Each structure stands twice: as C-alpha cells, then as structure tokens.
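What follows is the residue order along each chain.
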Amino acid sequence: MKFEGTSSYIATEDLKVAVNAAITLERPIIVKGEPGTGKTMLAHEVAKSLDAEIITWHIKSTTKAQQGLYEYDAVTRLRDSQLGDEKVKDIKNYISKGKLWNAFESDKRPVLLIDEIDKADIEFPNDLLLELDKMEFFVYETGETIKAQNRPIVIITSNNEKELPDAFLRRCFFHYIKFPDPNTMEEIVEVHYPDIKKDLIQEAFKIFYDIREVPGIKKKPSTSELIDWLKLLMTDDVDAKILREKDPKKLIPPLHGALLKNEQDVHLFERLAFISRRENENVE
Amino acid sequence: MFINFFFDLKQASLPVSLKEYLMLMEAMNKRVVDSFNVNDFYYLSRSALVKDERYLDKFDRVFGHSFKGLENPQGETAKEIPEEWLKLMGQKYLTDEEKKMIESLGGWDKLMETLKQRLEEQKKRHQGGSKWIGTGGTSPFGAYGYNPEGIRIGQKEGKNKKAVKVWDKREFSNLDGDVELGTRNIKIALRRLRKFAREGAETELDLDNTIKSTAHKGYIDVKMMPERRNKIKVLLFFDVGGSMDAHVKICEELFSAARTEFKHMEYFYYHNCLYDAVWKDNNRRYNDNIKTWDVLHTYPSDYKVIFVGDAEMSPYEITYPGGSVEFWNEESGETWLTRMLNVYENAIWLNPIPERYWDRIASTSIIKQIFSDRMFPLTIEGIDQAMRELNK
Chain A
60 MKFEGTSSYI ATEDLKVAVN AAITLERPII VKGEPGTGKT MLAHEVAKSL DAEIITWHIK
120 STTKAQQGLY EYDAVTRLRD SQLGDEKVKD IKNYISKGKL WNAFESDKRP VLLIDEIDKA
180 DIEFPNDLLL ELDKMEFFVY ETGETIKAQN RPIVIITSNN EKELPDAFLR RCFFHYIKFP
240 DPNTMEEIVE VHYPDIKKDL IQEAFKIFYD IREVPGIKKK PSTSELIDWL KLLMTDDVDA
300 KILREKDPKK LIPPLHGALL KNEQDVHLFE RLAFISRREN ENVE
Chain B
30 MFINFFFDLK QASLPVSLKE YLMLMEAMNK RVVDSFNVND FYYLSRSALV KDERYLDKFD
90 RVFGHSFKGL ENPQGETAKE IPEEWLKLMG QKYLTDEEKK MIESLGGWDK LMETLKQRLE
150 EQKKRHQGGS KWIGTGGTSP FGAYGYNPEG IRIGQKEGKN KKAVKVWDKR EFSNLDGDVE
210 LGTRNIKIAL RRLRKFAREG AETELDLDNT IKSTAHKGYI DVKMMPERRN KIKVLLFFDV
270 GGSMDAHVKI CEELFSAART EFKHMEYFYY HNCLYDAVWK DNNRRYNDNI KTWDVLHTYP
330 SDYKVIFVGD AEMSPYEITY PGGSVEFWNE ESGETWLTRM LNVYENAIWL NPIPERYWDR
390 IASTSIIKQI FSDRMFPLTI EGIDQAMREL NK
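If you're matching them up, the sequences are chains A and B in order.
Each residue of the first sequence is one higher than the one before, counting from 60 in the working numbering.
Each residue of the second sequence is one higher than the one before, counting from 30 in the working numbering.
For the record, the hints were derived by calculation from the structure and aren't laboratory data.
In this text, all values refer to a predicted model and were calculated from it rather than measured experimentally.
Take these hints with a grain of salt, some might be off.
Quick list of the computed label-pair ranges, beta carbon to beta carbon [to be verified]:
{"id": "1", "chain 1": "A", "residue 1": "S120", "chain 2": "B", "residue 2": "T367", "range": "35 to 45 Å"}
{"id": "2", "chain 1": "A", "residue 1": "E164", "chain 2": "B", "residue 2": "R227", "range": "46 to 56 Å"}
{"id": "3", "chain 1": "A", "residue 1": "K265", "chain 2": "B", "residue 2": "Y296", "range": "36 to 46 Å"}
Computed footprint of chain B on chain A, listed as stretches where at least three residues anywhere in the stretch have a Cβ under 8 Å from a Cβ of chain B [stated by the list, open to error]:
{"id": "4", "stretch": "85-94"}
{"id": "5", "stretch": "103-115"}
{"id": "6", "stretch": "167-176"}
{"id": "7", "stretch": "229-238"}
Note that beta-carbon positions come from the ideal geometry of N, C-alpha and C, so glycine has one too.
So that you can see chain A by itself, here it is in the shape it has in the complex (with noise of 0.2 Å):
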C-alpha cells in the first residue's frame, strides 16, 4: 500500500514519504500548510489512488470528541417511552454512530479525513487521543467495545487556529504543505488545464511570484487563485504580451481580481510595482 500521487494531484517528494510513512506505522498524519496548497485534497486523492473509501469529518467549534464515537438520544427515548413506543426498550435504538465508529467498522482499510480540527475547542484533540491511538473505545450505554477491524489511514489537517497538544502531537506524523515552486507549479497547472500555452504560464508565473513576494501584502494569492486566474486569462484569450507589459499606468495584471482579495493589497501592489520597475529600469 503506497502512495504516489495521482493524476490530478502533484504531490512532491517529501509529502510523499511522509504519507507513506503513516500508511506503514498505521498513525494519523496532520497536515498544516497555506490555506489553497490542497491539505483537504490530500485525503480525497489518497482515498483515490489506494483505492478506499474516504470518510470525512468536517470539524466546526461546537464539534464534540463523543459526535465522532457515537451520540446517544436521550430525548427521543424520553418521548417515546412516554408514548410507550416497544422501541425504548432496546437501548440501541437510541445511539448513532459517529464517523469514527463508521470507520472502524470497514471491512477494507478506509481513509479517515478529520478536517480542520483546530477549529473546535483545544480540548478536542486530547479528547480523542486514546481512541486514535488504540483505535478502539467503549460504549457506555451498550457495554461494548469497539474496535478496528482495519485501522483507517487517518488524515488530519489544520488551519493553525489553535495549537495542538504536545501528547496529541506526538502520536502523530507531522506535513507541512509549503508554497510549491515554479517548477512545481508547472506540474500542477499541467494536469489542470494540459492545453494552456506555454509563454503565457511563463509571463503568469513570473506575475504570480511577483505578486507573493510583495511586502506588506495582506492575503497572499495561493495555488487555488493561481489556478483560477489562469482559466480567466484562458477564456479571455488574454496574450502573453500583454502580460509582459511595461508601461507603468498598467502594471496591475489584467484579471487581477483572481490574485488580489482585497482593494488595500491592489493599491499597495501598483506603488510597489511601479517602484520597482523603476528601479530595474535604472539597474539595467
């Protein structure tokens, strides 16, 4: 069982030694990264390229750590023994599995992806720590034991909202998705849009990197906006030269409304531009 990338998901070297690495040692990996560099997609094209089922838990700030074992209804069985429904007397009636226990009992090793877990509260993550570790846990109501017949791949990814605990952590492999390089890039937009003209990426690029590199800038555009701004250049037949334009009264890109979130970071990008061009121009 390895993965390797698939054919609409770059994955680079490291990443993939580190997921491989979880894979084999049967232990969650977290992954952090930029917001737009793919940490919910890694899950799905691993699902994708091992060929299992993908279980995703979307995590908000009210999400419990017993939502993802099981939840029990206590207020229905309230009612319905009140309308003395033959159901009440089964306790089973009332528990719903969470997406834990759906996991757990897959009868093929499926992919388990906890989105975004610092979004809930800095208990949760301690919370979960023995049943992640031991992937088992016990059901109060029942009196039984659950526990893996496959232990999930278990993927984890992070905003960085809050920190992780220490003990949580260290159970864990550990990815940093960085900003891939222009070569990287490349590859990505290729399996993206494979008929896109090439001196047109090139002029994008050198736009794009350009644009990140900004001091000061407020949001820096990711390879999600990248990707969007180039499929606006390609509906727009934009040409490659007037990417490459010099004259300073155009020297925000067209379409920059793709790249660039917000009217503070457009201003601050036209003086920034215009400096630096004007220095180039003497350097040369």
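Keeping the supplied structure of chain A fixed, place chain B upon it in accordance with the hints.
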C-alpha cells in the same frame, strides 16, 4: 549514529521526545524509505520529529550540522546574515554568455573561507555589483544572483537550479517562531491566556441537567445555564512616542489581536515610564488624561496587567522624582511601577527590543528588576511565555 542526531535536536531545544524517536526507528525498521537515500531519510525524520512549522528551520540547521559534519562556526555565519539584505529586489537576469563569463573561485572550502572574510569586511546592505554580499549580483555569495559555484544564503529556492542540499535551502526560515509575527499568530499566542467560566445570565439550555431533572420529577423541567465565556480581564499599557516609533507596527498588531481576543480589556498610553497619569487618546493626552490612582482604584486586582515598551530611557527617568523628560513628576517612576505591581499580582512587561540587548541598557535592567524578571521579548515565543506567566 541516530542517537547523536536525536541529542543534537534536544540540545537545540527542539521539542522531541523518546516516543517520536522510537516512531522514527520503527519507520526505518519497516523500510518506509530506502535507508541509503539521505533525502528520503531527511523527509521521514522531519515528518516524525517535527510537529510544528516553527521548528522546521531549526531542524534543517541541526540536520545539516549532524549529517554533513559542517563545522559550527560556518553554520553560525550563515545564520547571522540579515534577511533584509536578501529581500527580493531588483533581481538581475543574466544571459547565457554572461553566465559563461563568470568564473569559479575555487573549491567549497575556499568559498567558505572567502565568505567569512567578506562578511567581516562588509558592513552594509548591498545590491547588484560583483563582489559584495547582497542580492541579484554576480558575486559567489548572496542570493538570487548567478555564479556557478555560489553559496546560497537565505534564498528561498534554487533559482538557477544549482542547489546544494534540500535542508540547506532553509525553506522554512520565515516560519521560525522568533521571526514571524502577524496578528493571527499573536492571537494564537494570546489564546494561552484563557479561563473559561459560566457566569452571568442563564441563556443556554442545559440539556443534561434538564433530562436528569425531568427524570427525577416526572415532568419536563427545563434547566438553563449561562454561556461559557473567557473571563480573563486585561489592562494594557502602551509606551508611545520617542524610541517606540520604530515599533509602531508590531504594537498595532498586538493591540488589534488583544482587542479581539479579550472581551474585558482596557488600554492606556504612557511615555517611557509610568507616572501619575496615563491617557487613552494620543491627540488629547494633555487635556484628557487619567490619574494613575484612578486606574488603580477602578480595576480590581484580578485584572492581568501587560506593559508594552522598550524600557529604553535614562535611568533617572525611573529612579528619581522629577526625572521625566516631559514634566515635573513628584514621585519617581519606580514608585508608580511598584504601586501598580502591588495591586496587580499578575503583571508582565513585553519588550520589542531583542532580548540579547537588554543587559546592555541600564534602564531595561532596572525595569526588569522591578518586574522581578517578568520581562519578555515581543515575539511569538515571548508572548507565549508571557501568557503562561500571567496564567499562574
């Protein structure tokens, strides 16, 4: 051989534990990667041992040191080159002919040697040209330039694809906990200071209690409870004007982060040291100030106090009455600070000046002493420690 590496990491104060080391050994044992491939081993050990992108850069450095036998002094020189020199500005694009024209300077050792010499000779930022260290030039040192045998320092990617080793690229240096500080990161650091409690109006349905009570009484008995809130209360004091002008940006960030993070927060401004008055609006500071006594009497002692300032002034401004540069103060700054500390048990000082300079500034040492060493640098690490201290 790996044991040494592990201890090197520990020594560099990376938070690695035995469990992670054993995990790495298990992975090696199960042949997750080809053990003869150093790159793969680097990726694997990084994934198993480093759990926070803040430490990636440190890890890269230790890895380079442990497995390449790089001598420490050289590593240190590389570390000391300010990022600012290497800012992506005015990058020079060379033609192939130009590239051919550039000659190599000799072997690796010689390059390192010359680099050290250059570093000593050169004191200021440099750009273009072909000798000094800077950006976009053709000297073998510095980043974004081209020289076939160049040593790359602080460059984010191997631009001309003559890269050395993966870990030497130090791709994660901007994620180092001591360097990067944005509002978002500050917020995360400030979140250490939380104390949840249910207080006030009962607005939420307490489901568990309702069920229990209903079962007990035999009819539906709804129970309510107050919402869970962070009940930390904070007083922030900002030094403004003078030498603090250089730190405006970071103070702004800290302020905006603190304002969203703490529900109960009050802020005041002061200049250089705390005296008998503070103010809330910098434009009206002379007409509209607030007596420090009033502050001490208004806010109860369970408030946590954070002072932000560079603590850089003449020592007289702290220790003598009348020492203030702006007006005649009846009582010394020290008296006022001590009064403040007597009321508020939990107080710390955040200093935007890097920690290594503190001992050299007399006034900083005095304030640090008054605060019984509870002075922390205004970095993510520093705020983190400071919040732990406040939580005590």
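Results for each hint:
The given range of 35 to 45 Å is respected by A:S120 and B:T367, whose C-beta atoms sit roughly 42 Å from each other. In this structure the supplied range 46 to 56 Å is violated for A:E164 paired with B:R227, their Cβ-Cβ distance being about 37 Å. Roughly 44 Å separates the CB atoms of A:K265 and B:Y296, a value that falls within the hinted 36 to 46 Å. By the rule of at least three residues with a Cβ nearer than 8 Å to a Cβ of chain B, the coverage given for the stretch 85-94 of chain A holds, with 4 such residues.
Residue count for the stretch 103-115 of chain A with a Cβ under 8 Å from a Cβ of chain B: 0. That is fewer than the three needed, and the coverage hint is violated. Here the stretch 167-176 of chain A counts 0 residues with a CB under 8 Å from a CB of chain B, which misses the bar of 3, and the coverage is violated. With 8 residues having a beta carbon nearer than 8 Å to a beta carbon of chain B, the stretch 229-238 of chain A meets the requirement of three or more and the stated coverage holds.
Hint violations for this structure: numbers 2, 5, 6, all remaining hints satisfied.
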